[in-house]
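Taken in sequence, the protein lines are chains L and G.
For the first sequence, this note's numbering gives the first residue as 1486, with consecutive numbering after it.
For the second sequence, this note's numbering gives the first residue as 2, with consecutive numbering after it.
Some hints could be false.
[Unchecked claim] PhoX-like mimics (lysine-lysine), calculated; alpha carbons at most 25 Å apart, straight line:
| id | chain 1 | residue 1 | chain 2 | residue 2 |
| --- | --- | --- | --- | --- |
| 1 | L | K1501 | G | K197 |
| 2 | G | K160 | L | K1490 |
| 3 | G | K122 | G | K197 |
| 4 | L | K1501 | G | K160 |
| 5 | G | K122 | L | K1501 |
Hints were generated in silico from the structure; no laboratory data involved.
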Amino acid sequence: MTTEKLELFEVFVRSKRGLDHKHIGSLHAEDHAQALEYARDCYTRRSEGVSIWVVKSDDICASQEDDAESFYDPSDDKPYRHATYYVLPDPVNNM
Amino acid sequence: MSDAIKNATLEYATRLGDDSVVLGHRISEWVSYGPFLEEDIAYGNVALDYIGRARMFYTYAADLADDGRTEDDFAYMRSDRDYRNLLLMEMPRGDFAYSQVRQLLADAYYTVLLPELVQSKDETLAAIAAKAIKETKYHLRRSRDWVLRLGDGTEESQKRTQKAVDQLWGYTHELFDMDETEQLLADNGIGVDVSKLRDAWFKLVSEILTEATITVPEDSWAVRGGRTGYHTENLGHMLTEMQIVHRSYPGCEW
């Protein structure tokens, strides 16, 4: 059997309560239920997690490398979008 | 603990250890041969669960025997006639459907057995059962899913799954046999009276098989003998491979 007929899933694992789920890898499975089981076996064997999400890779819409210029460059010359750009008056100590 | 109870408990722990190590080894035969990488890893995990279980039972047996033997002696220095595992566990790997059907039959067995064993008056047996219950819950989820997928899958997978059920069914009757040793332990609240568990096991298994469009076989034949050391020819071959390194280099450490 090959993995050709299987779908690809992205796996997100939360390592501790209170933390965010982090992308940890991908795997092949028949469906969501099986993907969740394999995620458990492939990525949490050494007690790495308390919660797992699986998402079909097809369902992820990713930004493209070609779009990098139009996506990210325009923010390079807009320092006023950073809080550190603004000089705070002295009376405001803790912000 | 009286001598009679102690000897029976030693025998019982050995039997349960034999069941686990033999099934664990059979599953491990799939490692690197799994149908795809993810399943290969997942099934290997199940093998490790069973081998870990065997170690706990053997360690306890060695404690009770108190004659210098260790868990390794129980696993690697006994021949097939000394092994007391159920025949179901030693059947060859077969195709993937065959392995998953055997897995379902065994996982369902532990699903009904362990909640009884966890109530044992023997603290060690109860503790091992408590750990194993969690593993078995996951094992059953896996084997149930696979039998449903394969049974209610393609024409080919349905045919193979039905064939496996038909070929293995006759080995399941032995799972619910009692003998003097186990009766003594059951009467003393240490062992499980498995003869009372068949109805629950049958209900669990037959519901899953029916959902998988598999016909539950009639009880037309039964093979027994594992608990008395009368095995199929398969066990000797399996043990030869499993024990070769330990027997060739006794006491070897690495």
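Right, here's what the structure says about each hint:
1. K1501/L / K197/G: Given pair K1501/L, K197/G is violated - Cα atoms ~43 Å apart, limit 25 Å.
2. K160/G / K1490/L: holds (21 Å)
3. K122/G / K197/G: Since the Cα atoms of K122/G and K197/G sit roughly 19 Å apart, the hinted pair holds (cutoff 25 Å).
4. K1501/L / K160/G: Roughly 45 Å between the alpha carbons, so the hint for K1501/L and K160/G is violated.
5. K122/G / K1501/L: violated (37 Å)
Hint compliance for this structure: hints 1, 4, 5 are broken, all remaining hints hold.
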